[in-house]
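J.: Fit chain R to the given chain F structure using the hints.
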Amino acid sequence: MTDRIEKSIAVAAPVERVWRALTDHEEFGAWFRVRLEGPFVPGEVSRGRITYPGYEHLAWEARVVAMEAPRLFAFTWHPYAVDPDKDYSSEPPTRVEFRLEPEGEGTRLTVTESGFDSIPAERRDEALRMNTGGWEAQAGNIKSHVER
Amino acid sequence: MSSAEAAAPLFAALADPTRLALLRRLADGEPRPIVALAAGSALTRQAVTKHLAVLRGAGLVARRPAGRETLYTLRPERLAEARAWLDEVAAQWDDALARLKAHVEG
Chain F
1 MTDRIEKSIA VAAPVERVWR ALTDHEEFGA WFRVRLEGPF VPGEVSRGRI TYPGYEHLAW
61 EARVVAMEAP RLFAFTWHPY AVDPDKDYSS EPPTRVEFRL EPEGEGTRLT VTESGFDSIP
121 AERRDEALRM NTGGWEAQAG NIKSHVER
Chain R
1 MSSAEAAAPL FAALADPTRL ALLRRLADGE PRPIVALAAG SALTRQAVTK HLAVLRGAGL
61 VARRPAGRET LYTLRPERLA EARAWLDEVA AQWDDALARL KAHVEG
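Chains as they are written, first to last, in my numbering: chain F, 1 to 148; chain R, 1 to 106.
Derived by calculation from the structure, the hints in this document are not laboratory data.
Please note that the accuracy of each hint is not assured.
Subject to a maximum C-alpha distance of 25 Å in a straight line, what follows is the list of computed SDA-like cross-link-like pairs (lysine to any residue) [as the list claims (entries may be wrong)]:
id, chain 1, residue 1, chain 2, residue 2
1, R, Lys50, F, Lys7
2, R, Lys50, R, Ala36
3, R, Lys101, F, Arg71
4, F, Lys7, R, Glu88
5, R, Lys50, F, Ala66
6, R, Lys101, F, Leu36
7, R, Lys50, F, Pro70
8, R, Lys101, F, Glu27
9, R, Lys101, F, Ala66
10, R, Lys101, F, Met67
11, F, Lys7, F, Arg20
12, R, Lys101, F, Gly104
13, F, Lys7, F, Arg108
14, R, Lys50, R, Ala38
15, R, Lys50, F, Leu36
16, F, Lys7, R, Ala47
17, F, Lys7, R, Glu105
18, R, Lys101, F, Val111
19, R, Lys50, F, His25
20, R, Lys101, F, Glu97
21, R, Lys101, F, Gly106
22, R, Lys101, F, Glu6
23, F, Lys7, R, Ala91
24, R, Lys50, F, Val111
Okay, chain F solo, but in the shape it has when bound (with noise of 0.2 Å):
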């Protein structure tokens, strides 16, 4: 667990409520705070304006990568490109999933985002192992997190 963030939670709703406020550009836009300029198409980008309050210089770019009803919607992003006038596209992109599944009457949602250095998992095991216990902390962080 080095270059990846794992988030769960567990929403009072039917997966296909959240399923419609994860891929319906409008929706999506209401809750992640962006102002979209169209829906969102697997293989094509998405375009459009951050909303959330101090950030509104920002624009927001993300390339769908899949869209499968009602499980599984991910694109692919610069995360936290935040000076407006660098171009991040060079940079490798880290992928955004997120992942529904039922769970009682409402839904597990569980979001992951990963490839911050676009390395093998062995390989960052081995950069992981070099830092002391570090990163198994923080690997310990978000299980408490998931289980809090």
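T.: Just chain R now, with coordinates in the frame of chain F:
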């Protein structure tokens, strides 16, 4: 370090097995000359120098002259920064998911 701009070169420097191997050799905190870092590997001294330059550019190692040699040491605080940056991104997702939950359940 609070932006992708600062984090990207760091992760890029880490994204290479040779450089990770060099960092491992420096992981105990002891300063080492290039010849010691190249020992036991198929790398030329020149190749090691090149990789060390990338690591130094990302702030992951520091160097200082010692007589006729140059000694390299690990800067573990930079690895801690990479971790802090991931923590920050993780916190942003916490916020976003809380908003999604409120949006759907509200």
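J.: Give a verdict on every hint.
T.: For each hint, the structure was consulted:
1. Lys50(R) to Lys7(F): Violated, at roughly 38 Å.
2. Lys50(R) to Ala36(R): Roughly 15 Å separates the two Cα atoms, so the pair holds.
3. Lys101(R) to Arg71(F): Holds, at roughly 17 Å.
4. Lys7(F) to Glu88(R): Holds, at roughly 13 Å.
5. Lys50(R) to Ala66(F): violated (39 Å)
6. Lys101(R) to Leu36(F): holds (20 Å)
7. Lys50(R) to Pro70(F): Violated: Lys50(R) and Pro70(F) sit about 49 Å apart, past 25 Å.
8. Lys101(R) to Glu27(F): The hint holds at about 12 Å.
9. Lys101(R) to Ala66(F): Since the Cα atoms of Lys101(R) and Ala66(F) sit roughly 22 Å apart, the hinted pair holds (cutoff 25 Å).
10. Lys101(R) to Met67(F): holds (20 Å)
11. Lys7(F) to Arg20(F): holds (19 Å)
12. Lys101(R) to Gly104(F): holds (16 Å)
13. Lys7(F) to Arg108(F): holds (11 Å)
14. Lys50(R) to Ala38(R): Roughly 12 Å separates the two Cα atoms, so the pair holds.
15. Lys50(R) to Leu36(F): violated (44 Å)
16. Lys7(F) to Ala47(R): Roughly 40 Å separates the two Cα atoms, so the pair is violated.
17. Lys7(F) to Glu105(R): holds (18 Å)
18. Lys101(R) to Val111(F): holds (13 Å)
19. Lys50(R) to His25(F): Violated - the C-alpha atoms of His25(F) and Lys50(R) are around 46 Å apart, more than 25 Å.
20. Lys101(R) to Glu97(F): holds (17 Å)
21. Lys101(R) to Gly106(F): Roughly 11 Å between the alpha carbons, so the hint for Lys101(R) and Gly106(F) holds.
22. Lys101(R) to Glu6(F): holds (16 Å)
23. Lys7(F) to Ala91(R): holds (10 Å)
24. Lys50(R) to Val111(F): Answer violated: Lys50(R) to Val111(F) is near 38 Å, above 25 Å.
Of the hints listed earlier, those the structure fails to meet are numbers 1, 5, 7, 15, 16, 19 and 24, in rising order.
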